[in-house]
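Heads up: the protein sequence lines correspond to chains A and B, in order.
Residue 457 in my numbering sits at position 457 of the first sequence; the count goes up by one each step and never skips.
Residue 262 in my numbering sits at position 262 of the second sequence; the count goes up by one each step and never skips.
Keep in mind that the hints were calculated from the coordinates and are not lab data.
All C-beta atoms, glycine included, are put in the ideal place defined by N, C-alpha and C.
Some clues are possibly wrong.
Stated by the list, open to error - Derived lysine-lysine pairs resembling DSS-like cross-links, with alpha carbons at most 25 Å apart: (1) A:435 <-> B:188; (2) A:334 <-> A:309; (3) A:299 <-> B:204.
Claimed, not checked - Just a few of them, taken from the derived set where beta-carbon distance is under 8 Å, the chain A residues facing chain B: (4) 300; (5) 301; (6) 302; (7) 305; (8) 308.
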Amino acid sequence: MRARYPDHEGFVERDGVKVGYEVYGQGGPAAFLVPASPITRARSWKGLIPYLSRHLTVVTTDGRGTGRSDRPHGRDRYGPDEVAADMTSVLDAAGIRQTVLVAHCHATPWALGLAADHPDLVVGLVAIAPGIAVMPGHDYTVEPERRWQEEVVDPTGWSMRNRDFWRNDGGYRRWVEFFFDQQLPEAHSTKQLEDSVSWALDTEVEAMIAEREGRNAPSYPGGAEDLCGRVHCPVLVIHGSDDRCQPLARGQRVAELTGGQLVVLDGSGHLPHVRDPVRVNRLIIEFIEETTGVAMHTKVWSRGLTRPKRALYLSSPIGLGHARRDVAVAKELKRLRPELELDWLAQHPVTAVLEAEGETIHPASGWLANESAHIASESSEHDLHCFQALRRMDEILVANFMVFQEVVDEGLYDLVIGDEAWDVDHFWHENPELKRGQHVWLTDFVGFLPMPDGGEHEAFLTTDYNAEMIEHIDRYPWLRDRAIFVGNPDDIVADRFGAELPAIRDWTEEHFSFSGYITGFTPPAADEIPSWRAELGYADDELVCVVAVGGSGVGRALLEKAIAAYPMAKGQLPALRMIAVAGPRIDPAEFPTYPGLEVHGYVDRLFRHLCVCDLAVVQGGLSTTMELAAAKRPFLYFPLGHHFEQNFHVRHRLDRYGAGRCMDYATTDPDLLVAAITEDIGRSVPYRDVETNGAARAAQLIAELV
Amino acid sequence: MRATEPITTGYAERDGVKLYWEEFGDGQPTIVLLPTWSIIHSRFWKAQVPYLARHFRVVTFDGRGTGHSDRPAEAEAYSHLEFAADTIAVLDATATSDAVLVGLSCGALWGVQVAADRPDRVRGLIFLGPQVPLAPTHPDRTVYPFAERLDTTDGWAKYNRYHWLEGGYRDFIEFFARQGCTEPHSTKQIEDFIEWALDIEPAKLVASDEGLEACGLESFRSVCERVRAPVLVIHGDDDELAHHARGAALAAVTGGELVTIAGGGHFLQARHPVIVNHVIKRFVDRVAR
């Protein structure tokens, strides 16, 4: 799922070659994002488009040779004149009369040419890692360049940049993997590397060769320096100090020749718009404000001492459990600090809970890309690879962080509370100068763990993500003013972050405060249960089995399995009554009907039903299972396949409480399920007590900061 | 001790009136920090000069009637047209072809005039708490006539020539300084204002006040409409001297942008130097680089 879809998509066609373009937003100055096609394409701007299109009209193109565009062969189809004509056609088709160009690498000469020839059209130019021969290239590229058309035997490294080698089986892929590995020298760039390689493989080898050979067509008669000198609009050059494709000296020279400004990103490689989208977004917006004179920032500044104390609360929308505990923490916090104004930056379905509780939702919440929908799109039959789903959520996290940052830049908050607000915690550590106010990080698990069937590669990836997090905290200990683990030290798994990394428990005890578990409600005492049951319409002699699968579509498979077992279970337990809760995304009418079986959509305050049921059948999510543990009800739980949190972290915690029976979805047939239901239903369970003061303890830890 | 000393100082002379100017920094473009009503001299920009001079070239001058500049006696010498002409004279004397003009309070009157008459010399305009007749003033200020002898010295009755000339000048400037700094904890800013204002002879202040009365609402609006340079207005919403509506109207009539300082009074440059400096820098970067 993308963070932002185009408002308009189309093609321009010239001499039988179709080139795809996309338009986002419809207000403000225009920015045309030009990728260095065909080795990359429009998707490479995914970290920029959601943010920029809230302020600008953004146009981008796949460029000939990749993405949605045609892939003509022959070098004459890729000359600068051809590409420039594509660009003007795209702008024309998009109805743009004036634009800022944002070009990457070898798209820079195209953009310079357009700016020189159409000064009325191009009002500014941002060149990221400009690829233009105003200075020599890196030494190691010279020899491969010379031997481009020769046959080379068993090339490695840069000598893989060779026409015949690319045409060999698998040669192009090997080159691309090497090349982008070089271009992402920043540690912890696995996702950016995967993305870049996949975009590069989207073209055809012959298109790549044609573009490489066509690029040097003699269309800039005066040469590169003359081309730069003919540009008179404002220019911004963004260049990484460790760019192994285009030497920094080229960026410096382009800035000199065009009279532009140079921003050096120290430690960055060739793809800063991909690897550091937050910084690049802000540089582009500042440049466009300066060049167009259109201001896009705050117009009211309040004096320090006139400001009310304000907090911004972010509640992760992945699983509804966070919403209830965060509301409980917020209520305790308001009790401790009545003067504190509290806004929520939240998205559906969290907003539904907040609205019901009368909480204040910041209007910018409407700009957030929906994480819950992304998670749903990543799941299949009772399976959700939540680590990869989180990685693939990268562009949504950037998009939402940019919304968040604008809210805190303008909202003057004293305190930011993020309950697993991954975007805030990650990007503030990546861009520490952007921190505003005190920052509280809450989580109920620490450490990504690989699923066994992911093999060594998945273990490498989780280790890398954990290492980055540990380095973030070590380097910027002032970024999390308080880290709260929702639970107790014994709830932490015994694993390490990775082979060479610390034990998760040791590290977490050193870096976190512990609030104990936060249920968000107080379960009924034994003598209150009959009246709760009566209120909910459950008779004393009924055996109530609640089947609940959370708020996303991934629950359908488990519901079907439980309902399939119902007739047999009912045969063995005549008092059985099954309450199946499908949630808002599944239609209850899809299921068969039997006497004693009810299928509901949304159930208000489901925890009340869970608290008094005789058995529950649920997934392995922490919130629901811990509600059952706190209420001391027997339950069967089925962790989602490939969900490391449910399979390891939650399971470890439930084992500590002695709570629930863990079942394997794949191997549980109706017979097995019926046997488990009849065995456990109505059983009294000796679970360890779950504390009821977690919200108050968390609120106390937060209140100390304000 | 000053935070930064001028690299050059000098005098411009117009019709026998000498105007003392100072030059700081050597960046581009030039920022001219204009004089305001002749109750204080150019030191009121002391929190802006060091910062802006690190990024731009900065020129200040003492308005006629203040500081090291000459202090003509007659009211006609203090019309906004004289200040506008002084500004051009200082631009010439400092070899400044064009500049961004920054004005506080009444400084907006001549800033607008220069921009309307000499668009070639003005690249942008920034006004703090502009005291411009585009919207009504505070009702309290209209109760008592300036030129009549009153039987009270309460509140705005202190804004009265007889009070100033007959021993109440210090009483007035203390009152006026407090009205200009509505923010709590403004003691230093109030002391500075009083000290600078005590450098002015009451009779000269009477003359400069009467000189400014020449500028009527209708004519000023038409002057504003001739401005083509980009405009930024910064105005406190708790400004007891110049109503916030005046700044909002100036931004509207010039097509400029308005930055509101919530809880801010009139002397924004003194009381909120950091935000003011940053907003000025950002605007200059955008419109005049």
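Holds or violated: is there a CB of chain B closer than 8 Å to the CB of residue 308 (chain A)? violated (11 Å)
Quickly compare the C-alpha distance for residue 334 (chain A) and residue 309 (chain A) to 25 Å and report which way the hint goes. holds (12 Å)
Holds or violated: residue 299 (chain A) and residue 204 (chain B), Cα atoms, limit 25 Å. Violated. Residue 299 (chain A) to residue 204 (chain B) sits at ~38 Å, over the 25 Å cutoff.
For the hint on residue 300 (chain A), does the least C-beta distance to chain B fall short of 8 Å? Interface hint status for residue 300 (chain A): holds (5 Å vs cutoff 8 Å).
Holds or violated: the hint that residue 302 (chain A) contacts chain B, with Cβ atoms closer than 8 Å. holds (4 Å)
Taking 25 Å as the top limit, are the C-alpha atoms of residue 435 (chain A) and residue 188 (chain B) close enough? violated (32 Å)
Does the nearest C-beta of chain B fall within a distance shorter than 8 Å of the C-beta of residue 305 (chain A)? holds (7 Å)
Can residue 301 (chain A) be said to touch chain B, with a Cβ gap under 8 Å? With a closest approach of 5 Å, the residue 301 (chain A) hint holds.
Going down the numbered hints, you'll see the structure goes against 1, 3, 8, while the others check out.
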